[in-house]
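All chains should be modelled from the sequences, with the hints used to inform the complete structure.
Protein chains in written order, with this note's numbering: chain X, 33 to 248; chain E, 109 to 840; chain P, 324 to 655.
Careful: at least some of the hints might be erroneous.
As the list claims (entries may be wrong) - When the alpha-carbon atoms are kept at most 20 angstroms apart in a straight line, the in silico EDC-like pairs for lysine to aspartate or glutamate are as follows:
1. P:Lys623 - E:Glu706
2. P:Lys471 - E:Asp755
3. P:Lys471 - E:Glu218
4. P:Lys560 - E:Asp766
5. E:Lys827 - P:Asp352
6. E:Lys530 - P:Glu616
7. P:Lys389 - X:Glu90
8. E:Lys277 - E:Asp416
9. P:Lys471 - E:Asp826
10. P:Lys340 - X:Glu90
11. E:Lys530 - E:Glu702
12. X:Lys209 - P:Glu411
13. P:Lys536 - P:Asp352
14. E:Lys488 - E:Asp416
15. P:Lys623 - E:Asp826
16. E:Lys151 - X:Glu186
17. P:Lys560 - X:Asp101
18. P:Lys476 - E:Asp755
Unchecked claim - Stretch by stretch, here's where chain X covers chain E in the computed footprint (C-beta under 8 angstroms, at least three residues):
19. 146–160
20. 167–179
21. 229–242
22. 735–744
Unchecked claim - Computed, partial: chain E to chain X, Cβ under 10 angstroms:
23. Ser139
24. Arg393
25. Gly531
26. Arg535
27. Gly574
28. Gly771
29. Asp820
Derived by calculation from the structure, the hints in this document are not laboratory data.
C-beta: ideal position from N, C-alpha, C; glycine also.
Each chain is listed here by its residues.
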Amino acid sequence: MPDKPQDPAALPSSRWSRRTFLKGVGVAAVSAETMLAESTKAVEPSPPGADALNTPIEGPVKVTLNVNDQARAVTVEPRTTLLSALRDRLDPPITGAKLVCNEATCGGCTVLLDGKPVFGCSVLACDAVGKKVTTVEGLGTPDKMNAVQKAFVEKDAMMCGFCTPGFVTTISALLAKNPNPTEEQVREACRGNFCRCGTYPHVFAAAQAAAQANRK
Amino acid sequence: MAKKTVKVPKIVDGVPVGEVEIQVDDNGGPSWGANDKHRLLNKPMIRVDGAAKATGTAIYTQDVRPKGMLFGRFLASPRAHAKVTKLDLEPAKKLAGVKAVLAVVNVGGEVRFEGEPVVAVAATTPEVAEDATRAIVVEFQDLPHVVKGAEALQPNAPQVVARPPRIQKQGDAEQTAKALESCDAVIEAQYTSPMLHHCCLETHSITADFNGKDTATVYASTQGTFTIPGDSARELGLPQNKVTSIVQNMGGGFGSKFGIGIAGQWACRLAKEVGAPVKMALTRREEFLAAGNGPGSIQKFKAGASKDGKLVAVMATQYALPGIGNSNLAGQPYQYKAEHTYREAQAVHTNEDASVAMRAPGHPQASFAMESLMDELAYKIGMDPVEFRKKNVQDAAWHRQLDRGAKEIGWENRNKTPGEGKGNLRRGMGCGIGAWGGGGNAQCQVDVTIGKDGSVIAAVGSQDLGTGTRTYIRAIVAEELGLEMNDVVEHIGSSKLGNANASGGSTTAASLSPAVKDAAYNARVEMAKRVAPLLGAQADGVVFDQGRVMGNGKSLPWKQACAALPEAGLTAHGKWQPNLSSSGVHGASFAEVEVDIETGHVRVVKMCHVQDCGLPLNRTALHSQINGGMIQSMGMALYEGRVMDSDLGVMVNPGLGDYKIPGTLEIPEMIPIIDDGDDRQAVIGMAEGANVPGVGAVCNAVYNACGVRVRDLPITPDKILSGIIAMQKRMT
Amino acid sequence: MNSFQWANAATVEDAVKLLKPTDPKADVDQQPMPMGGGQDLLTSLKAYIVKPPRVVNLKTIQGMDKIEADGKGGLKLGALVVLSTLEEHPEVRAKYPGLAEAAFSIATPQIRNLGTVGGNLCQRPRCWYFRLENYNCRKKGGDECFAKGGENKYNAIFGGGKSNYVHPSDLAPMLIALDATVTIAGPDGKRTMPLGEFFILPATNVRRENVLKEGEIVTEIQIPAAPSPRSTYLKFKERDSLDFAMSAVAAAIDLAPDKTVRQARLVLGGVGTIPWRVPAAEAFLVGKKLSDEVNSQAAKIALDGAKPMEQNEYKIPLTQALVRRALAKLNA
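Structural data, given as structure tokens:
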């Protein structure tokens with residue numbers, strides 16, 4: 033099997049014993065310039081689509097995402113994440129989910145994929161085709177907030193607010209599955225959501241308050 | 109200024125029913141009055157921008173995408189210290205979608221830390237921008253580097269900065285040394301803490317909306333709206349009055365976001381180069397490597413106390429580790445008084461990005477070391493650590509706060525002998541104290557406009573970092589005009605509005621709230637003049653309450669009264685009034701932890717922090733801030749720290765997976781307490797005060813629980829286990 | 324991430340075809356790669372430690388996401404079973420509680436909603452140096468293991484040498500303790516082997532963590548009927564909310580009615596370059612009744628031969644404590 037080390041780009045040797053070499057830089061041929069703007073109405077993907085079977089696709093590809101119950105056409109590359117498609121490519125963009133760690137750690141980009149919380153930074157847009165994507169905007173609006181959003185406001189479960197969409201989305205999904213969670217279950221459900229301002233105690237209180245409001 | 113009590117009609121459903129007494133300003137200027145007599149302030153409040161944040165409609169800098177915007181990216185140095193020997197930008201320029209490639213460091217130039225930008229690119233998509241940074245051919249010639257403080261202190265360590273070290277000396281070394289000889293107990297110890305990271309969830313980001321014409325709008329994730337236009341204009345080649353900065357929401361700063369920074373500088377330069385809007389949002393890795401940090405520290409002590417609990421002599425050597433930047437630690441013996449002190453302090457430089465302000469700059473480090481030392485001394489003389497502290501601080505606030513915190517945490521239940529108890533899980537408690545300034549300054553210029561239709565706008569360019577600025581602006585104006593929160597709208601976060609100070613040093617509340625109060629007061633006085641004739645009252649006899657304007661036994665609904673205004677309504681200006689703010693806050697933290705002595709795992713069970721702040725503007729937001737302070741101090745004590753590889757000169761944990769901030773399972777039961785024993789009728793900022801003493805409190809609790817004193821942060825399980833094994837060896 | 328092709332596989336055979344190296348001379352980390360949940364692959368792609376010309380989506384293969392009875396009291400897990408399904412599955416929880424615990428211990432709910440059993444077994448190491456894009460450690464084809472003499476607090480105390488990463492999987496130690504087998508499909512058809520033989524030491528091939536060759540994928544895990552439901556997975560994390568194991572113990576035992584150990588399987592996680600089975604400790608336990616004394620001795624034996632690096636000696640007492648606790652728990 034091909035298992036031979038790459039030739040490292042030579043650099044001046046140094047006195048540091050463990051110092052070694054930079055990996056060679058350089059990128060393979062890059063796809064053609066992509067279009068950013070797309071209409072918001074549904075369009076038929078031109079074949080082969082991102083969901084075609086056994087047909088490798090490459091370069092810019094037009095896909096239709098189902099976001100917050102709307103069909104949204106967008107051009108992506110195979111490597112474009114769902115988060116980037118929502119924020120950087122959809123026009124107008126959907127920016128409730130935030131890019132924070134970009135390594136499946138912090139939960140700032142949490143969206144629901146067929147109702148389950150996932151990291152938007154760690155799903156490829158092509159892989160979300162045919163699935164139902166729900167962002168925090170799809171859960172409620174300032175005039176018509178869902179119970180979790182209302183409770184976040186009432187309990188001051190936010191400071192800078194950058195983690196808030198992720199927490200709201202995760203907890204909304206939790207309550208849909210478990211309407212009566214203990215605080216421990218709330219903490220477990222939000223294990224993948226990080227806040228730096230330190231608003232956690234109010235988040236836990238908001239989750240409980242939302243559960244209670246839902247029960248009424 | 110004093111308040112006076114006046115009787116006004118009590119209105120129920122718009123109908124006067126008897127009279128009530130209310131407090132209004134005595135003539136002669138605004139004053140807050142007694143802290144417990146407010147209608148809206150000093151009460152729990154709902155954050156006015158809460159709904160926008162909870163529904164994802166609050167727009168942050170990273171959410172802004174002007175038409176035709178390009179995505180900026182850096183090629184960041186992979187080397188700690190090197191000369192650029194080759195730089196070929198052409199392969200990047202040739203990529204489809206790449207619009208600009210600008211060298212940040214040219215051939216022959218040096219990079220002085222890993223992550224330092226070498227090239228900036230702008231492209232039509234983030235993916236292509238990333239391709240461009242990797243298509244660039246760059247070669248380096250390595251130069252000597254040092255990336256750890258302890259190694260930088262060695263003789264013959266590579267010199268990182270050209271300037272010679274400046275050593276500050278304070279106190280009398282000889283007398284202190286002599287006093288140490290007479291002490292009943294002496295502790296000699298070294299405490300260290302690693303470089304820390306702000307971990308703003310929104311990385312340093314700027315979108316320069318510029319199309320090559322004569323104006324630009326710069327959206328910035330910043331702590332200072334007005335720190336943006338000057339430098340942006342310079343980079344864009346525009347006069348400052350053609351550049352507007354916008355800061356509607358921002359995702360965390362903690363001291364790291366002033367000015368345009370490297371993100372803004374290169375967003376502007378790229379935008380200027382292309383004549384199109386450019387967003388430069390640092391990647392998370394760049395945020396760790398090149399967006400500032402909190403300095404590490406090495407602090408050495410020899411300190412002594414008398415048997416009766418007097419801190420007699422403290423000798424301290426403090427090294428701040430600010431990378432290539434400058435930084436000071438708060439001076440030892442921090443908040444304590446010792447009869448004799450001698451302190452030497454200096455910065456020790458490494459090939460790491462320059463430290464910047466980080467929530468109470470230099471204080472958590474100093475507090476951690478001093479509180480640990482105080483604890484060690486207290487145990488050595490056999491005195492209750494709370495009593496020992498009280499004997500060595502004079503301020504009554506700390507005595508009050510220590511007593512209150514001790515009660516909340518259940519201090520009497522702590523281990524009398526550290527580590528005592530049976531089983532694997534050992535509980536312990538610790539405490540610490542801290543201080544901060546939080547005073548105001550005269551930069552804010554606020555306008556309050558009352559429309560002929562009764563609508564009210566409070567306008568100032570200031571920014572809300574999540575501290576609740578918007579909310580208290582509304583509350584102050586509403587309270588002054590006898591209105592409700594929803595009757596007022598605040599306009600903030602734009603350099604087109606009145607000037608405001610940057611939010612650093614917890615100075616925003618103390619600077620802004622007096623100016624808002626002043627503007628609202630002036631609006632009320634002016635409004636009273638207009639409405640007095642309608643009521644047949646004297647202007648100074650007009651009272652604003654319950655949505656009505658009253659005087660001479662008559663009352664008008666607010667809107668009806670406003671109809672008397674001219675078409676343009678009424679605008680009143682306000683500026684900072686020294687009597688409305690003060691300076692100097694105190695805090696005390698307590699922690700209870702549980703240590704698993706077989707695994708070294710620490711669980712913080714409960715934390716309590718008591719904080720004063722003069723007049724609390726919004727009790728809910730204050731609780732949020734105090735909780736945040738406790739959590740950040742707990743993070744510093746137990747989890748956080750930059751880890752460098754000596755030989756490679758690079759940070760090995762530059763991500764939120766490996767640089768560990770506390771998550772949901774780390775959060776203890778939290779008790780935030782506003783110290784209402786503080787009767788100053790003035791606003792003082794407190795956010796930074798709240799994250800200082802918790803570090804020492806947690807460290808001391810770990811010692812009390814398991815008998816292992818870890819003097820090197822963070823206190824991770826490996827360090828506790830090593831300590832326990834060493835202790836067991838000593839005992840056998 | 325580098326630019327790559329995207330291909331949805333309709334069947335296992337299609338996946339194998341799509342995974343055929345486009346350039347057989349290319350580096351092992353620049354070959355077409357399969358993607359299940361993608362939770363590890365995407366982090367590796369973003370760090371440029373893998374640069375596949377093509378990513379083959381396996382989730383479009385029907386029927387590989389099922390947990391089914393094998394008719395002999397055991398279970399078959401499709402490689403595409405997601406971790407949240409595994410942790411909640413009633414039969415898994417009843418028969419193999421340790422496996423549900425291991426699944427629950429992984430990462431975060433968001434990751435467990437997408438991450439798959441196959442992906443968890445095939446994830447790449449988290450060694451700090453391996454994840455540094457610009458430094459070519461031996462595991463990436465370079466000529467040094469930077470962890471040696473470097474920052475090696477989290478690195479291996481077993482099975483190191485050429486490279487000193489720890490295997491990051493939580494399912495692997497538990498499945499090995501449950502005597503699981505794995506089925507692999509590739510250009511030459513299917514083969515099934517004990518899961519313990521699936522993982523390989525750096526001494527065997529420093530570039531790979533398992534026996535998979537180009538074009539091969541994991542399709543199924545088989546767990547035989549457990550003689551008893553006495554299994555557990557104890558994972559120690561530095562940060563409980565989210566962390567890889569600093570150390571972990573997977574234990575499965577069978578006790579006679581008088582509580583004498585009939586069979587014991589102990590596998591350590593977070594300490595070795597592969598899931599580290601400790602046969603000597605297992606053998607020691609057989610025929611004995613578990614007690615504090617016996618558990619302590621087993622724990623000592625389990626850590627025999629550990630070779631700590633400069634900063635990770637603590638893993639020995641830590642792992643010993645976990646072994647003692649796992650045994651005490653299973654004896655209850």
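Hint check, failures only = As far as the earlier hints go, 3, 5, 7, 8, 17, 23, 25, 26, 29 are violated by this structure, in ascending order.
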